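There are 2 protein chains.
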Amino acid sequence: MADQIEELNAKIRELEEALEAEKKRKGPIREKIEAMSSEVVDSNPYSRLMALKRMGIVDNYEDIRSYTVVIVGVGGVGSVTAEMLTRCGIGKLLLFDYDKVELANMNRLQGGDNITTTYYRSCVRLFFRPDQSGMSKVEAAVNTLRDINPDVEFEAYNYNITLLENFKHFLCRISHGGKNEKPVDLVLSCVDNFEARMAINTACNELNQPWIESGVSENAVSGHIQFVVPGKTACFACAPPLVVASNIDEKTLKKEGVCAASLPTTMGIVAGFLVQNTLKYLLKFGSVSYYLGYNAMQDFFPSMTLKPNPACEEMICHQRQREYQESEDAKQKNEEKPESSDGVEIVHEDNDWGITLVCENTKGEDEDEEPSQELVAGVQLAYSKKKPTRKQISQEISSEGQISADDELSVEDLMKKLKSI
Amino acid sequence: MADQIEELNAKIRELEEALEAEKKRKGPIREKIEAMSSEVVDSNPYSRLMALKRMGIVDNYEDIRSYTVVIVGVGGVGSVTAEMLTRCGIGKLLLFDYDKVELANMNRLQGGDNITTTYYRSCVRLFFRPDQSGMSKVEAAVNTLRDINPDVEFEAYNYNITLLENFKHFLCRISHGGKNEKPVDLVLSCVDNFEARMAINTACNELNQPWIESGVSENAVSGHIQFVVPGKTACFACAPPLVVASNIDEKTLKKEGVCAASLPTTMGIVAGFLVQNTLKYLLKFGSVSYYLGYNAMQDFFPSMTLKPNPACEEMICHQRQREYQESEDAKQKNEEKPESSDGVEIVHEDNDWGITLVCENTKGEDEDEEPSQELVAGVQLAYSKKKPTRKQISQEISSEGQISADDELSVEDLMKKLKSI
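Chains as they are written, first to last, in the numbering used here: chain A, 1 to 421; chain B, 1 to 421.
Be careful, since some hints might not be right.
Since the list can't tell identical chains apart, any single copy or any two copies may satisfy a pair.
To be verified - As a list, the in silico DMTMM-like pairs of lysine to aspartate or glutamate whose alpha-carbon atoms are at most 25 Å apart:
id: 1; residue 1: LYS92; residue 2: GLU7
id: 2; residue 1: LYS100; residue 2: GLU39
id: 3; residue 1: LYS100; residue 2: GLU31
id: 4; residue 1: LYS168; residue 2: GLU155
id: 5; residue 1: LYS179; residue 2: ASP151
id: 6; residue 1: LYS100; residue 2: GLU20
Keep in mind the hints are simulated off the structure, nothing from the lab. Predicted model only: the values in this text are computed from it and were never measured.
My request is simple: use the sequences and hints to build the entire structure.
In structure tokens:
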């Protein structure tokens, strides 16, 4: 009897040890770190990021800890985006998604908007685990991200932002979700449908909140990011979103029940562009791109700036355009009498949060009163207006600054384009 | 006494269940799949990749299963590269790296060539786990990759390819590591030093093996991929490798013991370009890039083709150049009498493996007998020749086809460039 008890106790010790070992496999890898250091030792996970400062790329990399970013959509692009920002040591992330992690045993049909298990299996990097089945995607994501970097703060919201009550809460989190209840610094759209993008656009117009839209085409070989600054650039309602040209018939793509293609390469590259632009904007280095496209077939990267549309259907966009124009006029007046208040930045009254903009080095932006109607070569509109109830709005899209050439563009075309600058 | 035994048994059952649950967290996610299907159900992890076929991008996506790719270096770029190819369902991967997974408790100094734990912590995505400490990186990588996709075959070699005995074995695996003991289809260089790149170059020249070199600059804000086809394009010894221009003083970067910067964004983008180019080459879609650079500061993407250097220091490169020229001449002769053997591709005698090339749509490539000495704007040489014992070799680098413009290039410069085409 005593022998038996001894034996059972030994068995228990053995099992406890095995359980402990098994748990270690995924426990948090490290403790929180109080302050970022540039010390070059293995125990410092930030030394290679802090090296950006020593190399003259970034003035103060530690600033990253003071910033808060919202990510809407934790699918193929969103999960990689969240992971990259977490590795970079961002201060705080707010995640929004209404989907669940599910195991692939239901033979559910994949629609255009459904983010299914197959999707997370083939495209979302080691992100969701079988034991997270049934959990919300945002909750599962936060679990994984915390293991990667326990220094990042997280908020996770498992709802559809396009529903009214949720939308109000979404507005509230953008306005107060930052450090010390301040507004967040940037909103990133990683959603896969028109309605969610319009909801983000409305929210950001209302709150005068800069945001970056992202997208991958349904044939998986092109994508883009678009930086929207209310009043300064076209909002999502000013102009239909742009996709890099492909020769695919759009009609065949929109069929119900047809599964869109996806490639981990294209999604990784678009997420990379999105987070790189975010780092440049927040940490003030390099030039922030307003529109950066990617066509994988030709390795073609169109770049441009889209001006706001004076006939935009969103009323709040008109207000932002007026405010921006007023602040630009005030700035110009200030520049005319450089002796007086030089160096003092004029921001319009509504800008409670002191958001300042990183401007592109484009010349002649203000003189150009009649923006051309043409898009950069190789780019076309992704959607036509859904309900053209108002009279057809003329799209005022201007391509500025950068010229990108691809194989389809003849030398003559380029010459003409150059002469017109 | 009996009660106590009952209690202990209950405890054991409880622990066994907990252990089982804990183990499930990381067990292989799915069984092997015999054939790729395009059926749109959750249980099919390939439906979104197979959709590339239905959408007209790829003729036959299943072909991916017949291909074998070598990856040398499983660091920041290499691990993401391996993960992407694994998710894409590549037939077989051969991994080479001599480093170990280590926990960050040794305060080891980071040198330029050391891949330290800090590195894997901040940059290598959920790839290595604490319980893999002490394992070789390649072994740990294969563990992780097999969980992601059990359909992929793996070979892992934990050695330094620059040592003679290892180099011979490396040659042998390139020649016989493919499916059915055939040569591999492509070699990818994801190493971080000159010597390893030169070893890969020598091996691929010797075996007439196409390969793609990749690199990220030490300030972490630029990178490139370069597709090398022996005899057709410049080999790594023909011309010093290129980096996208940055304003950093190279001398400060090369200091001993100074830790290079790294950004998960730049590494993800370069790995994305590398795998996208690999997919385009293997599955024959889009146009394969010979050189694609990335400058994160300006979002500038230089593209060009580098011709082989007739004065290259590698003797085997001269042989490959002669062979390529002969095969081109034979092709041209064939084209002159189109009635006879039209459609029959001429490959030179040494090409036992039937490797065919995807060519760029550049015009005037063959007529241009005097390649220009200038690089595309914004690109500069990364290294100067290490031992210039022979007389200074004139670099014969020509930039062709694509024209890329960035902010630093004036309109006049562009006009001049266009006229010279």
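So, going through the hints one by one against the coordinates:
no.: 1; hint: LYS92 to GLU7; verdict: neither (50 Å within a copy, 47 Å between copies)
no.: 2; hint: LYS100 to GLU39; verdict: between (41 Å within a copy, 22 Å between copies)
no.: 3; hint: LYS100 to GLU31; verdict: between (29 Å within a copy, 23 Å between copies)
no.: 4; hint: LYS168 to GLU155; verdict: within (16 Å within a copy, 53 Å between copies)
no.: 5; hint: LYS179 to ASP151; verdict: within (14 Å within a copy, 45 Å between copies)
no.: 6; hint: LYS100 to GLU20; verdict: between (29 Å within a copy, 24 Å between copies)
When the structure is compared with the earlier hints, a violation turns up for hint 1 alone.
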